[in-house]
Every structure is written in structure tokens, then in C-alpha cells.
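Asks: Use the sequences and the hints to build the structure in full.
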Amino acid sequence: PNIYHFRSYSGVEVDLILEINGTLFPIEIKAKSHPDRNDIQGFKAFRDCFPRERIHDGLLICSVEEPRKLSDHVLAIPWTLL
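Per the working numbering, residue 1142 is the first one in the sequence shown, and the count goes up by one each step.
Don't read these hints as lab results, they were simulated from the structure.
Don't take each hint at face value.
Have a look at the derived ranges for each label pair, beta carbon to beta carbon [claimed, not checked]:
hint	residue 1	residue 2	range
1	R1193	A1172	30 to 38 angstroms
2	T1221	C1190	15 to 23 angstroms
3	W1220	R1193	25 to 33 angstroms
4	V1153	H1175	18 to 26 angstroms
5	R1178	H1146	34 to 42 angstroms
Listed next, the in silico BS3-like pairs over lysine-lysine satisfying Cα-Cα at most 30 angstroms (straight line) [unchecked claim]:
hint	residue 1	residue 2
6	K1210	K1171
7	K1210	K1173
8	K1185	K1173
9	K1210	K1185
10	K1171	K1185
The C-beta atom is built at its ideal place from N, Cα and C for all residues, glycine as well.
Replies: Written as C-alpha cells, this is what we have:
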């Protein structure tokens, strides 16, 4: 896959963007066990900048114990699932 990074003019970012078969997979990596809405601002900015692209739901890899949905388009998963 192609690998990218995203940073908006306002400074929010997505750590890793994987492009697989024309679909973009945004991925953030955080060292916290209790992610909140502030941790997913980069996903929204990324979607807003590329409205015509096929973008899969984002993954926030962190220290949560179980996968949990943070928004309609972002899922937090434990790093142990990797």
C-alpha cells in the first residue's frame, strides 16, 4: 500500500494514511487509555479536506481495553489487537 501522513493548516493531523485499492485508511496512534473527542479532530479535518475520496472509518490505536466507537467514523482499538 501507499503510505501518507496528513496535517491541516490549523495543525491537526492523522499519523498514518494507508491507501489500499483506492481507499484511504486513516490511523492515529495515542498512548492513552481514555481517548476523547479532542483525539479525533484530525480524522474530521482529513475527511473535510478530501470529500471526494473513498475514506474508510478511522482507527485510533491506543491503550483501551476493548474496541469502542468514538464517533460515526472512528473506532478506538487496543494496540494489543495488532
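Asks: The structure should be examined with respect to each hint, and the outcome stated for every one.
Replies: Against the structure, the hints:
1. A beta carbon spacing of about 33 angstroms between R1193 and A1172 agrees with the range 30 to 38 angstroms that was offered as a hint.
2. The hinted window of 15 to 23 angstroms between T1221 and C1190 is violated, with their beta carbons roughly 31 angstroms apart.
3. At about 32 angstroms, the beta-carbon gap between W1220 and R1193 stays in the expected band of 25 to 33 angstroms.
4. The beta-carbon spacing between V1153 and H1175, approximately 19 angstroms, falls within the hinted interval of 18 to 26 angstroms.
5. With their beta carbons about 22 angstroms apart, R1178 and H1146 fall outside the hinted range of 34 to 42 angstroms.
6. Proposed proximity of K1210 and K1171 is supported: the alpha carbons are some 15 angstroms apart, at most 30 angstroms.
7. Of the pairs offered as hints, the one joining K1210 and K1173 holds, with about 15 angstroms between alpha carbons and a cut-off of 30 angstroms not exceeded.
8. With a C-alpha separation of about 20 angstroms, the suggested pair K1185 and K1173 falls inside the 30 angstroms cut-off, and the hint holds.
9. Simply put, K1210 and K1185 have alpha-carbon atoms about 15 angstroms apart, close enough for the 30 angstroms limit, and the pair holds.
10. At roughly 17 angstroms between alpha-carbon atoms, K1171 and K1185 fall within 30 angstroms of each other, so this suggested pair holds.
In summary, the numbered hints that this structure violates are 2, 5.
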